[in-house]
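A.B. asks: Chains as they are written, first to last, in the working numbering: chain X, 1 to 191; chain D, 192 to 382.
Rather than coming from a laboratory, the hints here were simulated on the basis of the structure.
Honestly, I wouldn't trust all of these hints.
[Stated by the list, open to error] The calculated lysine-lysine pairs, modelled on DSS-like cross-linking and capped at a C-alpha distance of 30 Å, are: (1) K23(X) - K327(D); (2) K366(D) - K51(X); (3) K214(D) - K327(D); (4) K136(X) - K175(X); (5) K175(X) - K366(D); (6) K136(X) - K23(X); (7) K51(X) - K23(X); (8) K366(D) - K327(D); (9) K242(D) - K136(X); (10) K242(D) - K214(D); (11) K327(D) - K51(X); (12) K23(X) - K242(D).
Protein chains: 2
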Amino acid sequence: MAGVRQFNEDEVIATALDVFWRKGLRDATMQDLAAATGVQRGSLYNAYGDKEAIFLRAFDQYTGQFLEAAGYALDHADAATALRNFFDMIIVNMTDGSPARGCLTTRTALDAAISSTEVRQRVQDVLGRLEQLIGKTLSAAHGRRRGADANRLARVIVTFTRGLAVMERAGYSRKQLRESAATFVDAVAGV
Amino acid sequence: MAGVRQFNEDEVIATALDVFWRKGLRDATMQDLAAATGVQRGSLYNAYGDKEAIFLRAFDQYTGQFLEAAGYALDHADAATALRNFFDMIIVNMTDGSPARGCLTTRTALDAAISSTEVRQRVQDVLGRLEQLIGKTLSAAHGRRRGADANRLARVIVTFTRGLAVMERAGYSRKQLRESAATFVDAVAGV
DNA sequence: GTCAATCTTGACGATGATGTCAAGAATGAT
DNA sequence: ATCATTCTTGACATCATCGTCAAGATTGAC
């Protein structure tokens, strides 16, 4: 069994994403990845180099899915509806699984195991892109809220989503998160 | 040099707090604590049992300081002023030091190294108390905003503070955090 | 069919952390 | 002054993880 790669890379990365999501970059070990993927540790090292390289691939896959879902949820003419959809989506996203997996981006941002700048950069990228996505939705919806205004508000909204992720980790239930998000949207979106 | 404790417990805990704040519960090792406090590892084990016990003491010290400062900052008749003070305080709190230490509570909430329920419980306690503190401020300031309304908003505000802590970790500057907080207060407090 | 390339496998060494312990030392009580 | 108590110290055993590597195996190209 050798000579050519014995595993499907996409599957391995998808499985690795699941492991990282459940355990976090720091706590997931190469052994965890090997066990979950069925690929030996040595093969993983041979194929990817190290854990962080695997993480980066998995994280890219994750952000792709996430931003796509966010864009879809936000795609409504009415800003309030868009935001409600969006919050529903991310709350389900972070409270899914048992135990809940939480938000991978937030967890990664807080993970001190970040020696390389690369990981940090990716986190900033997602947050920045999310901010832009939301900013566009806001300026498109409310003609009166344009430019700097929408951008500032977009950042506030992104910040709030990070807060929800922390609250989830602190033990708040999906229902509680939803209530907070609803209150937030009502207050901020000025609906 | 023995027979009686050779170190000042308060000083040791204060120093330990500094270490935990900079490195996090997970990443701070007993060796780090020993080096920072000047107390040998063995003595620390003898005196406290294990790392988590030391952390709990340090964290209690931290939350005491933090909630006191929060209460002081929030002690204003005008809700908007109270909130602005409060956000100023926590933003300085989390961006202080070089590199910035971030928010210990948030970091701890995300730290997966939490096997014991105790740590998690303390985190929930701080957040809960903070929520109450803010709730009181809100109901006291705005007569029209009472009961459930103030409580819901208080939780939204606590959530937002957690978001700021994450954004700080993601690399946002003190200035950026302040801008977001200001936008948030303007929008939410309905000032 | 042969061979070079490359993947797989299991073992190895290094490292860093945890928690324990026995021996030594100094204090406070009697 | 003596002694039990208790702290300190350094060493020890254990464990988990990382990253490397040589040997074996298999494939695809020629």
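A.B. asks: Run every hint past the structure and note whether it holds.
C.D. replies: Now the hints, each set against the structure:
1. K23(X) - K327(D): 38 Å, violated
2. K366(D) - K51(X): Judged against 30 Å, a Cα distance of about 34 Å means the pair is violated.
3. K214(D) - K327(D): 33 Å, violated
4. K136(X) - K175(X): 28 Å, holds
5. K175(X) - K366(D): Since the Cα atoms of K175(X) and K366(D) sit roughly 33 Å apart, the hinted pair is violated (cutoff 30 Å).
6. K136(X) - K23(X): 33 Å, violated
7. K51(X) - K23(X): Given that 30 Å is the threshold and the Cα spacing comes to 13 Å, the pair holds.
8. K366(D) - K327(D): Measuring from Cα to Cα gives roughly 28 Å; hence the hint holds.
9. K242(D) - K136(X): Outside the cut-off at roughly 47 Å; violated.
10. K242(D) - K214(D): 13 Å, holds
11. K327(D) - K51(X): 47 Å, violated
12. K23(X) - K242(D): 21 Å, holds
Hints 1, 2, 3, 5, 6, 9 and 11, counting from the list given before, are not met by this structure.
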